Amino acid sequence: MIYLDFIIGHLNYWLFIVLMMTGLYIVVARGNLVKKIVGLNIFQTAVFMLYISIGKVTGGTAPIYPVDNQGHMQVDPSIIYSNPLPHVLILTAIVVGIATTSLALALIIRIREVYDTIEEEDILEIERKLSAADNKTHGPAMGGRA
Amino acid sequence: MHHHLILRVVTKMLVGAIILFAFYVQFHGDFSPGGGFQAGVIMAVAFILYGIVFGLNKAEQVFPSWLVHKLVALGVLIYAGTGVASMLLGYNYLDYGAFNPQHPSHGQHWGILAVELGVGVTVTGVMVAIYYAFANRPPPMKDEDW
Amino acid sequence: MSAADPHYVAKTFMDHLPILQVVIPLISAPLIIFIGNRKLAWIIAMIASAAAFVIACLMLAQVKDGSFISYHIGGWAPPLGIEYRIDALSAFVLMLISGIATIVLPYAYTSVKSEIPKRLHTLFYALFLLCLTGLLGMVATGDAFNVFVFLEISSLSTYVLVAMGAGKDTRALTAAYDYLIMGTIGATFFVIGLGLLYMTTGTLNIADLADRIANQGANRTVQAAFTFIVVGMGLKAAMYPLHHWLPNAYTYAPSAVTTFLGATATKAAIYVLLRFMFSVFSPGFHFEDWTLYLIFIPFSLLAMFAASFVAVFQTNLKRMLAFSSIAQIGYMLLGIAMLNATGLSASIVHLVNHGMTKAALFMGVGAMVLYSGSAFFDNLNGLGRKMPFTGAAMVAAGLSLIGVPGTAGFISKWVLVQAAFENGWWIIAIAIMLSSLLAVIYVWRMFEVLYLTAPAEDCTATDPPLPMLIPMLILAFACIWFGFDTELTLGSARVAAEGLLAGSAGMAH
Numbered sequence: 001m002i003y004l005d006f007i008i009g010h011l012n013y014w015l016f017i018v019l020m021m022t023g024l025y026i027v028v029a030r031g032n033l034v035k036k037i038v039g040l041n042i043f044q045t046a047v048f049m050l051y052i053s054i055g056k057v058t059g060g061t062a063p064i065y066p067v068d069n070q071g072h073m074q075v076d077p078s079i080i081y082s083n084p085l086p087h088v089l090i091l092t093a094i095v096v097g098i099a100t101t102s103l104a105l106a107l108i109i110r111i112r113e114v115y116d117t118i119e120e121e122d123i124l125e126i127e128r129k130l131s132a133a134d135n136k137t138h139g140p141a142m143g144g145r146a
Numbered sequence: 001m002h003h004h005l006i007l008r009v010v011t012k013m014l015v016g017a018i019i020l021f022a023f024y025v026q027f028h029g030d031f032s033p034g035g036g037f038q039a040g041v042i043m044a045v046a047f048i049l050y051g052i053v054f055g056l057n058k059a060e061q062v063f064p065s066w067l068v069h070k071l072v073a074l075g076v077l078i079y080a081g082t083g084v085a086s087m088l089l090g091y092n093y094l095d096y097g098a099f100n101p102q103h104p105s106h107g108q109h110w111g112i113l114a115v116e117l118g119v120g121v122t123v124t125g126v127m128v129a130i131y132y133a134f135a136n137r138p139p140p141m142k143d144e145d146w
Numbered sequence: 001m002s003a004a005d006p007h008y009v010a011k012t013f014m015d016h017l018p019i020l021q022v023v024i025p026l027i028s029a030p031l032i033i034f035i036g037n038r039k040l041a042w043i044i045a046m047i048a049s050a051a052a053f054v055i056a057c058l059m060l061a062q063v064k065d066g067s068f069i070s071y072h073i074g075g076w077a078p079p080l081g082i083e084y085r086i087d088a089l090s091a092f093v094l095m096l097i098s099g100i101a102t103i104v105l106p107y108a109y110t111s112v113k114s115e116i117p118k119r120l121h122t123l124f125y126a127l128f129l130l131c132l133t134g135l136l137g138m139v140a141t142g143d144a145f146n147v148f149v150f151l152e153i154s155s156l157s158t159y160v161l162v163a164m165g166a167g168k169d170t171r172a173l174t175a176a177y178d179y180l181i182m183g184t185i186g187a188t189f190f191v192i193g194l195g196l197l198y199m200t201t202g203t204l205n206i207a208d209l210a211d212r213i214a215n216q217g218a219n220r221t222v223q224a225a226f227t228f229i230v231v232g233m234g235l236k237a238a239m240y241p242l243h244h245w246l247p248n249a250y251t252y253a254p255s256a257v258t259t260f261l262g263a264t265a266t267k268a269a270i271y272v273l274l275r276f277m278f279s280v281f282s283p284g285f286h287f288e289d290w291t292l293y294l295i296f297i298p299f300s301l302l303a304m305f306a307a308s309f310v311a312v313f314q315t316n317l318k319r320m321l322a323f324s325s326i327a328q329i330g331y332m333l334l335g336i337a338m339l340n341a342t343g344l345s346a347s348i349v350h351l352v353n354h355g356m357t358k359a360a361l362f363m364g365v366g367a368m369v370l371y372s373g374s375a376f377f378d379n380l381n382g383l384g385r386k387m388p389f390t391g392a393a394m395v396a397a398g399l400s401l402i403g404v405p406g407t408a409g410f411i412s413k414w415v416l417v418q419a420a421f422e423n424g425w426w427i428i429a430i431a432i433m434l435s436s437l438l439a440v441i442y443v444w445r446m447f448e449v450l451y452l453t454a455p456a457e458d459c460t461a462t463d464p465p466l467p468m469l470i471p472m473l474i475l476a477f478a479c480i481w482f483g484f485d486t487e488l489t490l491g492s493a494r495v496a497a498e499g500l501l502a503g504s505a506g507m508a509h
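These protein sequence lines map, in sequence, to chains U, V and X.
Sequential numbering from 1 applies to the first sequence in this note's numbering.
Sequential numbering from 1 applies to the second sequence in this note's numbering.
Sequential numbering from 1 applies to the third sequence in this note's numbering.
In short, the hints are calculated from the structure, not lab data.
Every value quoted in this text rests on a predicted model; they were computed, and no experiment measured them.
Backbone N, C-alpha and C fix where the C-beta goes; we use that ideal spot for every residue, glycine too.
Under the rule of at most 25 angstroms between Cα atoms (straight-line distance), these lysine-lysine pairs were calculated in the DSS-like manner:
1. K70/V <-> K113/X
2. K39/X <-> K118/X
3. K136/U <-> K168/X
4. K58/V <-> K70/V
5. K12/V <-> K58/V
6. K168/X <-> K113/X
7. K118/X <-> K70/V
8. K113/X <-> K386/X
9. K168/X <-> K129/U
10. K168/X <-> K39/X
11. K168/X <-> K386/X
12. K113/X <-> K39/X
13. K70/V <-> K39/X
So the derived label-pair ranges between C-beta atoms look like this:
14. Q216/X <-> L4/U: 24 to 32 angstroms
15. K64/X <-> A29/U: 45 to 53 angstroms
16. V95/U <-> R220/X: 30 to 38 angstroms
17. N83/U <-> A77/X: 17 to 25 angstroms
18. I126/U <-> K64/X: 50 to 58 angstroms
With the rest of the complex left out, here is chain U (with noise of 0.2 angstroms):
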């Protein structure tokens, strides 16, 4: 059974791309601002597990060296140990993925003040009015986004 190896060896990998499917599709298809926030939080945190999977190293314990009672490090060759540098990096991603949410909700809570609604359609549709205003006054100008 060559395909279920095929599936069971990359298990990590179909996870990731699930859970990282789920989250961009949350943020397209959902009208919600906050539960767009949400997808990119599932979206990121696919990213965050892929990393992780990878740094996993078959039958590595944690990537601390032990210290003797003179606070010297036991260095032993025949100890395998995870790779910690996908951990560090995710760290950070972690503390990006942090400042990009608190930011996105910060942005919601204003929108919300001055909107009334966190909708996305009722959003577009009170800025259509506001271009239609505009559009009035100072004559008409081309719409979409090119």
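Given the structure of chain U, go ahead and fit chains V and X onto it with the hints provided.
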């Protein structure tokens, strides 16, 4: 103001313990799991918990928001300042060896301690600042109207 | 520095230039918040960006001959440690970014006063410097993951800067939100690409990545990584079908922010694109050649025509210039897709020429908005006559945007056409000229509004205060100067292009 008595008492007991634990995590960051990120969040949790139970005004009396903003900046300054200090000592940016040229590994110790302190201060500040920023917005409807 | 002794003591100031380039704005930003004084905030920001500009010039002087500077952070040697690496291309782009920042700040002082609430001024300057830090860091670093971190530093501060336009028009908020979603998806795609590269090569140092990918041959992981990186950076660079965030963000952001972003943000993303497409993935990589021919060329042609066409039908000058930016990015990507030294130097020199041109134009619009309140054409009627110097600066920059001989814009388009002929693609050469005709139309509309219509009778507009006027005039003068003296721009661009085309060999230690 007398309801939630148990929450109030438990919170008062917990806040001290949480801060103590934050310092534990902070100062063990250079040779064991822990460090500024985690410690900063734990420290911020103490203030946020206090704010949730006793109200935002009480929390802002303890930890005014101007101070929070200064701390955010101060932490980054400590971090970057450590790098500049090593540069002034004639080494590369963030080369902790500068702090103890005879024993570079001791220098590493000092350098990491300083940098983690900067991270901790900033993360505390940022987390509390995010909480204040979100909790401070006037609610769209009053509590009585629910 | 000797490799055996990483702790080389007593370095001079000159040795630290690559890191100082990034650290000076990085330290100044929290310093501004820490001091919390509105006047001092501007002074600190000004000093920091002027220092960054001087440093970039010093470094460009060092690497103009095609050599490079490598700086090891924390004394850890690459590829294990993080390396900052400056070569002709990065020094050139650093000079553009820090130069624009230095020239925008005096302008921002007055402009920000009128467009942004007072309590936000210190935050504005801090965020401006953070954005500058991120853009400079993206260009200066030689570590692939560092590029992502700096990219996010600049993007996050950009979102806030765009949202600061909410005081004038609430649509700035939704523009910032759109930009945030698109930008985050782009940055995350970029990280996925880096993760795939790290999986196959086990390294993140750009020079080391280049060496190791060269031995990979046709590897599907590498191809996927390439795709993710190009799409991710394409989003940040507003590559044609991925540009939807740009018009709104540029239209509703405060003038000073639009000026700075329009001249630098997309340019830094294009730099990263160049760095990855040519230094990391060498041009011999067939997958890349096909991407360039089948995706870059059609889409950049589309950008040149579609975006210019939409620009013609705008009623808001700022929005018109935003669409024109998308078209100009098309020229840069076309130069990349030519895949020869002339095409690359055309797109590199266009980075700088377009940066200066757009900055001058957006500054002019900002100055007029100061009086008219909005950038709609009917509010700007005849303002060119009322504001002679501002109008003159905008005319010079407008001519450069079209590519009239004797302006900077002409040089880059001329070299681009040359590159097309070198490849024998005369159809594309004709397309470049035709799309310039579209530029003539929309720039002419601007002239018409500024000069050929009568100003409102009660119009009291005069030239803006000197701090706003002088940066504008300097940029307009530069648009003309670099149309005659191409030694600095085109010369550096050629050295940079040759370094890029050498592929991974150009990154050798």
